[in-house]
Amino acid sequence: MSTQPLSHLTVLDFTHHIAGPYCTKLLAGFGATVIKVERPHTGDAIRQRGPWLKNVSERRSVLFEWLNTSKKSITLDIKSPAAQGIVARLLNHAGVVVENFAPSTMPSVGFSYEVLRTMRPGLIMTSISNFGQTGPYRDFKADEIVEYALSGAMHLTGDAAREPLSPGPSITQYTAGMCAYIATLMSVFRGAATPEGDHIDISIHECALDNVEVSLAEFLHLGKVGRRNANEHTLVPWRLYPCHDGYAAVIGGPIRNWLSAAGMFEEPRILDQKYEHVAGRMEHREEFNELIQPWLRRTGKKDVYATGQARRLAFGYLASLADVAESPQHQAREFFGDVNCGSAGPVKMCGPPFRLSDSFFEQNRAPLLGEHNDEIYKGLLGFQAKELEAMRNEGVI
Amino acid sequence: MGNRRLPMEGVRIVDLTHDWAGPHATRLLADYGAEVIKIEYVRRMDGMRGGRKEREAYNHHPRWKQINRNKLSVTLDLTNDSQRRIAENLIAHADVVVESSRPRVLDRWKLGFDRMQELKPDIILVSLSAFGQTGPDATYGGYGGGLEALSGVQVLTGYDAETRPPLRIKEIDVTNGVMGACAIMTALVYRTRTGRGQHVDVSQLEAMTSGLIGEHLLGFFDSGIQSPLRGNRHTEHAPSGCYRCAGDDKYVTLCVQTESQWVSLCQLIGHPDAALDPQFATPALRHAAHDAIDRMITHWTGGRTHEAAMACLQDRGIAAGAVLNAEEVANNVHLQARAFFAAARDGSPGNYPGPPFVLSGERPGIRRIGPRLGEHNDEVLGGMVGKLKEGEYRYGPEEIGTAFDIK
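From first to last, the protein sequence lines are chains A and B. Okay, so the first sequence: first residue is 310 according to my numbering, each after it adds one. Okay, so the second sequence: first residue is 2 according to my numbering, each after it adds one.
Excised from the complex, chain B in its bound form:
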């Protein structure tokens, strides 16, 4: 299967997104073969390029290289008529345009969906705005920190009722990007069948609420009850928790899903009698006695490393996982066996996390790391579209501004 085409080869995406959610959506498509042309504005670069300009720091952040890998970078000022015409030319030769600005921004550039359809009748436009294209809050802006709180995700995450305020999980930009990729794929399959493009409206707020906590909303509408904070405990199974191990800030998690796992756990941690104790006989009873059970487990885990504890538990068929930090994830034997981390083929140093899924035995390699600002101006603007003179898209270092500049 090694020489099969990647599934998205031949699809061209014009990428007007910035920061994290939108770029993650296009990264997924790029990982699987799409040609993603990222249009950048030099006077206010993408926030992920950071706030420093010395020694071209904006080209060297690992986060940038990761989130924008496999993409091409061209620099265009869409407020400038002649440069916007170049962007129109790109759109006329594209399958999909993805953007993540507030709703009126495309119109300000005279690049609304109607105009895009004139340029390319079956164009797909995917808008990943904070609140959607319509409604009283449509023009509002959003980052993960505000949206996670507004979505209902944050109010459900905390140790207990005393956790004030509830805690962030901080992964919302990525999950919204994944949902953005769901939207792109849905519209592409539809176009294959019908020949028609369309405008897809992804409200990041709705994507989070519908895509991550739909059952909690359904339950709330049905009963009027908001799901309680449950810390590391499980709604059904018991025990479930995160237990201190030997070492600095080391923990192991486990979740007992069946009665036979409960018996195995009791034997493993040196309390075989507990397996027969009627006060622990069902998950409901174990929920009631959870604090006492936690003490028994911690007594056992405290003398072991988190990885040794996990191995003993898994060996007895109990769901368990060490709480790994980034270094431990990077060195994890299972991920190494699956060749999850790999270097890019462009010869740049170091490894990157792999594309997240494998089609027919092939995990696509990473072709190139996130591009330098305007790295592909010559290749894309001078070559692919044609007829563009170098002077039309050149910029000088004095023109470069960051998203962190206050003027």
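This is chain A alone, in the form it adopts within the complex:
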């Protein structure tokens, strides 16, 4: 079996909620040993958020199971005096720390980067927070909807006549998790040459701003302020349209393929010269949209998709999660796979977000709270059974 890309890394993971755990899920999946440090008794608050896995009597959060695959869990009260010594011993084995507490938390319990770096020279510490480690919003509270609103994206999402809409997915959290992964690996990459260490400041807010980079650039340089407009796109056709059994994404691109494909709509008027160029279709948007509807209304979504793609246009359709689960493309690529979730049995999950030809991503079930206390405290750090017992009794672990 080949080496995993990150199998040389051990990561001390003080994250919870979504952005931090997604970063460390990627690190763990690509081979890092990730030791998730959780509060005794309760652990990551996401453990208490439903929905729950179905085939098991105890509460196992679906979101937690997804975000924490391939990690080890230990419990530790980082506010306890004993935590200083324990973290120092853990840092003998871990060159990377990832945390997503409020910026004041780690320094207040004696774990600022400056302190941790004395315990582990060359330490890479990735701090993920709502608004970054500095600035007037530093200590502000946030949730997905708040980040989305302040990033400028929400103003552009939803119907023009209604209030702005936040997305179904936790898009700012996941974007920040990916950015934290990139930044951590950039520091690892640089550190291979000059191991000075880094304290990385990931602001979820700033990561989310990249998602609207074009609208920001167009304001900064053209003074243009966009407004939300449901699914409408500048180009025509370039959106969902109702079809026989749902919605099809009719995308008129690549632009150069439009002319040879337009016959699919079985509507001779659409071949009129005024619709040949996308500028003409934009000018006659409404009447053009009318002309393509009859064929769409008598054609199923998957047939619209296949017909458009066969003519080299990048069509799609509105997939339900059942459609996604049954997609022949996903099945051919074995995108979904079973992960054995212990007492919950095998649970199907998405595979990796990208595939390496010379290495691999691995997904094992998320840990139970403190599942690896013995392995880490006794096996790795050399604590005696009675010391562990005392730590447990004192509420340290």
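It should be emphasised that the hints constitute simulated quantities derived from the structure, not laboratory data. Incorrect hints may have been included.
[Claimed, not checked] Dumping the calculated BS3-like pairs for lysine-lysine here, alpha-carbon to alpha-carbon at most 27 Å:
id, chain 1, residue 1, chain 2, residue 2
1, A, K687, A, K388
2, B, K54, A, K533
3, B, K54, A, K583
Position chain B against the provided structure of chain A, taking the given hints into account.
Relative to the frame of chain A, chain B by itself:
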């Protein structure tokens, strides 16, 4: 730390990508110091260069300058044997090649991964195609508008069950680009350790589903239930929403995450009695009474500006954010304090959004805006690789075509 090297300095990337996702991936690497050489085809330029040629409009779009900043532009026709040899020469001196075409396109140029390995044994090729390199849909094309619908992301975004069709968030190209950068970094760290390159297959469809809605798929496989549309409400916390404020199209969002925040909210909006009311005593009960609570909140927000409402709420420890438009983001005090927006060092006018994260106190500056078409032909093709005559890569204005031309 000011004179430390940027983390990706010394890494050379040959960039064959176009439009948005691929170029965003290489922009992130370029922002942090990589030398990114974008190979452009003059007869059909990148779609982000637009459809107009008069007064070189293709060099002046703000979106172009943003997405392709910090990169070099060279023009090569990869269907032409002698020009392809120049590209091969670049690849032989590169660490990474990134491309975002349909799978067979590289083979058509005789530049498949096997050929690249002959040119550079430890080359990393990252392919960011719509559907991946294999499977029945591999040869299909995709843009954000089709892929967002196919991925399951769109079906989860809407106000309520009556929202027909569900709504787009339109940020998918960027998140796929960010995932592309994850792929590049993973392969680079692997190469440092093993000395081996590889071909990374990023299916944008999979990147979206796995990278943004993995928990929804897991939940669906486990229960057979698709997560319902929840508008601006939260699965757990209540209240959560987007509330009308004073002014044209102004709103504030908030999310009450704890019981003490609920008490603070009730006091702030002039309903201290609601904090003690047993019908609002838990998040589940507040979910059941969400419409009534929303009316109470809107009564309070309606008389305030969105930024004033946000300040009052945050002051009491409640998660809240004004719904900002692009202008308000650009003038935001917090982002200004963090020096997020900055001008490029090349002397070009105006500011750009900064690189998204800060390593050890340094947010890298923007070295240059997105390049003019072929701006670095002389520097790269005439200098770095050597032995190339000017005539081999010159083009005349009559040769330039846009992605919007119909012939």
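Quick rundown of the hints versus the structure:
1. Among the hinted pairs, K687 (chain A) with K388 (chain A) is consistent with the structure: their alpha-carbon atoms are about 21 Å apart, no more than 27 Å.
2. The suggested pairing of K54 (chain B) with K533 (chain A) holds, with an alpha-carbon distance near 22 Å, which does not exceed 27 Å.
3. Annotation: proposed proximity of K54 (chain B) to K583 (chain A) holds, straight-line Cα distance about 21 Å (limit 27 Å).
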